[in-house]
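Visitor: One letter stands for each residue in the lines below.
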Amino acid sequence: MDAPTTAVAVYDGNTLAGPLSEVFGVELMTAAGRCRSCGTTSQVATFRVYGPAPGFVGRCPHCEDVLLRLVRTPDALWLDFSGVSALRILIPTDSADEEQQP
Amino acid sequence: MDTTTTATHGASSGTRGTKGPPFLAASPSGGAAARTASASTLVLEVIGWPGHLAGQHVDVRLTAPDGYQAARSYSLAAPTDGDRIEITVQRVPDGEVSSYLADEARDGDVVEVRGPVGGWFVWKPEDSGPVLLVAGGSGVVPLMAMIRSRDGVSPAPFRLIYSVRTPQDRIYDHELRRRATQDGGLEVAFLYTRTVPDGETRSVGRITAEDLIAYGWPADVKPTCYVCGPTAFVETVSDLLVGLGHDPAMIKTERFGPSGP
Numbered sequence: 001m002d003a004p005t006t007a008v009a010v011y012d013g014n015t016l017a018g019p020l021s022e023v024f025g026v027e028l029m030t031a032a033g034r035c036r037s038c039g040t041t042s043q044v045a046t047f048r049v050y051g052p053a054p055g056f057v058g059r060c061p062h063c064e065d066v067l068l069r070l071v072r073t074p075d076a077l078w079l080d081f082s083g084v085s086a087l088r089i090l091i092p093t094d095s096a097d098e099e100q101q102p
Numbered sequence: 001m002d003t004t005t006t007a008t009h010g011a012s013s014g015t016r017g018t019k020g021p022p023f024l025a026a027s028p029s030g031g032a033a034a035r036t037a038s039a040s041t042l043v044l045e046v047i048g049w050p051g052h053l054a055g056q057h058v059d060v061r062l063t064a065p066d067g068y069q070a071a072r073s074y075s076l077a078a079p080t081d082g083d084r085i086e087i088t089v090q091r092v093p094d095g096e097v098s099s100y101l102a103d104e105a106r107d108g109d110v111v112e113v114r115g116p117v118g119g120w121f122v123w124k125p126e127d128s129g130p131v132l133l134v135a136g137g138s139g140v141v142p143l144m145a146m147i148r149s150r151d152g153v154s155p156a157p158f159r160l161i162y163s164v165r166t167p168q169d170r171i172y173d174h175e176l177r178r179r180a181t182q183d184g185g186l187e188v189a190f191l192y193t194r195t196v197p198d199g200e201t202r203s204v205g206r207i208t209a210e211d212l213i214a215y216g217w218p219a220d221v222k223p224t225c226y227v228c229g230p231t232a233f234v235e236t237v238s239d240l241l242v243g244l245g246h247d248p249a250m251i252k253t254e255r256f257g258p259s260g261p
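For the record, the sequence lines run as chains U and E.
Be aware that the first sequence starts at 1, since it is given in our numbering, and climbs by one per residue.
Be aware that the second sequence starts at 1, since it is given in our numbering, and climbs by one per residue.
Worth flagging that the hints you see were computed from the coordinates, not collected in a lab.
If a hint is listed, it holds; no wrong ones were tucked in.
Straight line, CA to CA, 20 angstroms or less: simulated SDA-like cross-link-like pairs of lysine to any residue:
hint, chain 1, residue 1, chain 2, residue 2
1, E, LYS252, U, SER42
2, E, LYS124, U, THR30
3, E, LYS252, U, THR40
4, E, LYS124, U, ILE91
5, E, LYS252, U, ARG34
6, E, LYS252, U, ALA32
7, E, LYS124, U, PRO92
8, E, LYS252, E, GLU126
9, E, LYS252, U, ILE89
10, E, LYS222, E, ALA209
Required output: the full structure, derived from the provided sequences and hints.
Guide: Given below as structure tokens:
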């Protein structure tokens with residue numbers, strides 16, 4: 001997949017895996033976010049995503065309200081998660097201790 | 001969240017802290033191999049590649065001499081193989097990254113790769129249940145990684161339904177035909193939306209519920225369904241699958257934008 005930079009396109013949350021991995025050490029695609037607007041819980045991978053320029057907007061797959069916005073500048077990543085009232089993140093249980101070692 | 005490091009990582013910093021994978025230095029190996037008129041496969045040698053699961057992708061970043069950077073996400077097309085990863089690039093009009101990777105990449109060039117990323121649209125060899133793969137156009141790439149990962153490792157029965165415009169647009173044409181006869185438990189069906197090859201009994205047309213019934217699994221078999229392609233294709237197929245009684249929780253989708261097969 002190679003997103004054209006000039007057109008607004010519809011993607012899904014999978015598109016955000018790279019940008020989010022830049023700052024989060026946990027797998028967020030399988031995390032479940034609750035929409036502040038309609039209360040539905042959806043996995044981040046299933047968010048409807050518009051972008052990529054000037055930034056990504058992730059919308060609820062049920063009510064289409066904005067869940068998150070993500071903008072990357074040369075020296076910062078802006079992340080607005082205000083449309084998500086709660087995020088349930090799966091924590092690996094088996095090798096979690098090993099992975100925490102430097 | 002790690003707020004103590006800068007957001008951009010040096011190409012050679014292979015250390016992993018609490019944040020995700022850094023960009024790693026990568027070099028094309030063997031040049032791009034044409035798959036169709038518009039799709040090419042490129043092997044990259046990535047120093048320190050940590051391995052990946054079928055269905056995951058990578059971000060490829062190019063840096064111009066003036067410092068301008070462009071990054072795009074590509075699905076990994078093959079299973080983990082040491083430091084070698086394979087991507088298949090569909091050239092898009094004015095695609096600054098895709099045209100470089102498909103046409104200009106040379107051995108010894110240095111690009112940057114971050115990954116693997118994405119832990120949702122993945123298939124693991126220990127998942128032994130039946131699998132339905134539905135691809136539109138270059139959406140076949142991550143599904144091909146699943147088919148290749150399965151070979152000789154998993155007995156999970158796979159069915160692939162692959163919609164393309166014309167016979168010339170079949171990516172992995174020969175390999176899919178070979179695997180359909182050699183890989184036990186793998187069935188492959190091609191659908192054509194514009195031109196059919198000689199001898200094809202199904203007429204041209206976009207994918208329908210009848211296609212999913214004829215070439216997929218009945219819903220009561222409870223297959224895990226992976227659907228990848230242009231947005232409209234993915235929406236259509238997931239709606240059809242739900243209409244046929246498949247559990248929405250068993251349907252995993254990946255959309256990659258507006259272009260249709």
